[in-house]
Amino acid sequence: MTNVVEVRNLTKSYGDFKALDSVSFALREDKIYGLLGRNGAGKTTIMHLLTAQQFPSGGEVNLFGENPYENNRVLARTCFIKESQKYPDTFTVRDVMSVAATLFENWDREYASRLIEDFRLPLKRRVKKLSRGMQSSVGIVVGLASRAPLTIFDEPYLGLDAVARSLFYEHLIEDYGKFPRTVILSTHLIDEVSLMLEHVLLIDKGKLMIDEDAEALRGSAYTVTGAAAKVERFSKDKQIIRKESFGGLLSVTIVGQSSESEQEEARASGLETAPVSLQQLIVHLTKTESSQEKEGERK
Amino acid sequence: MNRVACVVRSHSRDKWSWYVLPWFVVGMAFVINWAIGALAAEGDVIQTGGIASIFVYMFVSGCISVTQSFPFLISLSVRRRDYFLGTTIMASAVCLGSAILLYALTEIEKATGSWGIGMRFFTIPWIDSIPDVGRIWMYLIVLLLMFFLGFFISCWHRRFGRIGLWLLSIGIFAAVTLALVLTTRYERWDDLGRFLGGFSPLGLISWLAAPTALLFAGSYLLLRKATV
Numbered sequence: 001m002t003n004v005v006e007v008r009n010l011t012k013s014y015g016d017f018k019a020l021d022s023v024s025f026a027l028r029e030d031k032i033y034g035l036l037g038r039n040g041a042g043k044t045t046i047m048h049l050l051t052a053q054q055f056p057s058g059g060e061v062n063l064f065g066e067n068p069y070e071n072n073r074v075l076a077r078t079c080f081i082k083e084s085q086k087y088p089d090t091f092t093v094r095d096v097m098s099v100a101a102t103l104f105e106n107w108d109r110e111y112a113s114r115l116i117e118d119f120r121l122p123l124k125r126r127v128k129k130l131s132r133g134m135q136s137s138v139g140i141v142v143g144l145a146s147r148a149p150l151t152i153f154d155e156p157y158l159g160l161d162a163v164a165r166s167l168f169y170e171h172l173i174e175d176y177g178k179f180p181r182t183v184i185l186s187t188h189l190i191d192e193v194s195l196m197l198e199h200v201l202l203i204d205k206g207k208l209m210i211d212e213d214a215e216a217l218r219g220s221a222y223t224v225t226g227a228a229a230k231v232e233r234f235s236k237d238k239q240i241i242r243k244e245s246f247g248g249l250l251s252v253t254i255v256g257q258s259s260e261s262e263q264e265e266a267r268a269s270g271l272e273t274a275p276v277s278l279q280q281l282i283v284h285l286t287k288t289e290s291s292q293e294k295e296g297e298r299k
Numbered sequence: 001m002n003r004v005a006c007v008v009r010s011h012s013r014d015k016w017s018w019y020v021l022p023w024f025v026v027g028m029a030f031v032i033n034w035a036i037g038a039l040a041a042e043g044d045v046i047q048t049g050g051i052a053s054i055f056v057y058m059f060v061s062g063c064i065s066v067t068q069s070f071p072f073l074i075s076l077s078v079r080r081r082d083y084f085l086g087t088t089i090m091a092s093a094v095c096l097g098s099a100i101l102l103y104a105l106t107e108i109e110k111a112t113g114s115w116g117i118g119m120r121f122f123t124i125p126w127i128d129s130i131p132d133v134g135r136i137w138m139y140l141i142v143l144l145l146m147f148f149l150g151f152f153i154s155c156w157h158r159r160f161g162r163i164g165l166w167l168l169s170i171g172i173f174a175a176v177t178l179a180l181v182l183t184t185r186y187e188r189w190d191d192l193g194r195f196l197g198g199f200s201p202l203g204l205i206s207w208l209a210a211p212t213a214l215l216f217a218g219s220y221l222l223l224r225k226a227t228v
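Order-wise, the sequence lines are chains A and B.
Per the numbering used here, residue 1 is the first one in the first sequence, and the count goes up by one each step.
Per the numbering used here, residue 1 is the first one in the second sequence, and the count goes up by one each step.
FYI, nobody ran anything at the bench for these hints, they're computed from the structure.
One or more of the hints may lead you astray.
Short, incomplete list of chain A residues facing chain B, as computed with Cβ under 8 Å [to be verified]:
#, residue
1, Tyr-87
2, Asp-89
3, Thr-102
4, Trp-107
5, Leu-208
6, Ile-210
For every residue, glycine included, the Cβ atom is placed at its ideal position computed from N, Cα and C.
This is chain A alone, in the form it adopts within the complex (with noise of 0.2 Å):
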């Protein structure tokens, strides 16, 4: 397999603020990443160096083997949407589309009215005049009809009901399987997303955190749920990054992945051990980085 992507020391300031630190991270052929991380943290502007539409401050770049800046080898095989697509005022549905589908060599028209008419969006209706999700789901079609070798989907679903957004999960994962390709999904929503991403890339501060593999990084830590006093005795000497109590009863995170004999051991205490949510370990992981840097400010 081959690297779609590879970023070394990639850095982008603005005065003395440096919205990317040294970020270094290279993508294969083929998986969907999760590019992950709080509001602020530098997924978009990794994602505009990404596609030469923003110029970095130092550091490297290459898509498919390449430099991306007027780089129509490169360009031509990526697909960047973003959730604030700006479009010109006079151009509808339609317009869109067409101009699309001449930008893109691997433009599947067909494909692309099944998702008009699955998204529900009016051809002829100017893309300014639609409401903010509509917006939203032109810039989904053009993204899943482009079928680019490497499409990038920055929040595309700002004020996406949750049905259409489903709508747009399922047709990712259907046209993913069919005609696989790199696909870079940055959101919030990690929940939703999570049994999508097969590796993720978690960015905070403009650093890079995490650049896991999505399997592993579920199996890195576990709940144990049950009464205080038998959680407490089962997670002691265990690292634990979470604890909440309601009434009698406690639920630990513990890092790690419980191994066969603490299964059994949590089981006849009568606890219940789950695995943890991405979403929850990126809260905590994104949560402390932060609160332990205002504690060593405090000092």
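Model the placement of chain B on the given structure of chain A, informed by the hints.
The following block gives chain B in isolation, referenced to the frame of chain A:
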């Protein structure tokens, strides 16, 4: 498909802004002028200068095309170079079409006795004696100049933002003021008049191709470093 052609095709989908609106503006100016002229008809020939509206529109068109289409097409993976070339081709074609149309309308104006009421809307007496192709050429150069002036300003704005645009206008204002002051100080106005008077209208307008070319090249350099 060639990606420059894609950009041209994308522009040409916006028929309203490129084809309809400019001539709608001219048409409105014409109707208003004609109504006034017909009411006030006293036998004199009225010189309206209404033709200026198409040149002003080309300037506006240059200004808005970057804000309208640049973020859209760049986001659809178009190179800045292809965007620039495609937009140039589109604008040049529209300017050429407009130049020919202006010429045709001038001829109609002359043939109809200035629209039956002695209203000169399209005719410019200064260049009226110049042969046909020469006049089309002159219209084309000025239309292109207006477009690229607007385009350059818009590219400048995209590259350097609002503050950059302020600095540019302050700089231009300062340069023009300085030129005026110096010309007056050294009493060179007569020389300047004689220098410009030495050109034929055709020669003078043809020289405008030089600033047009500069704006063209400058726009490209700005656009190459512009971000979305």
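Give me the numbers of the hints this structure contradicts, sorted from smallest to largest.
-> 4, 5, 6
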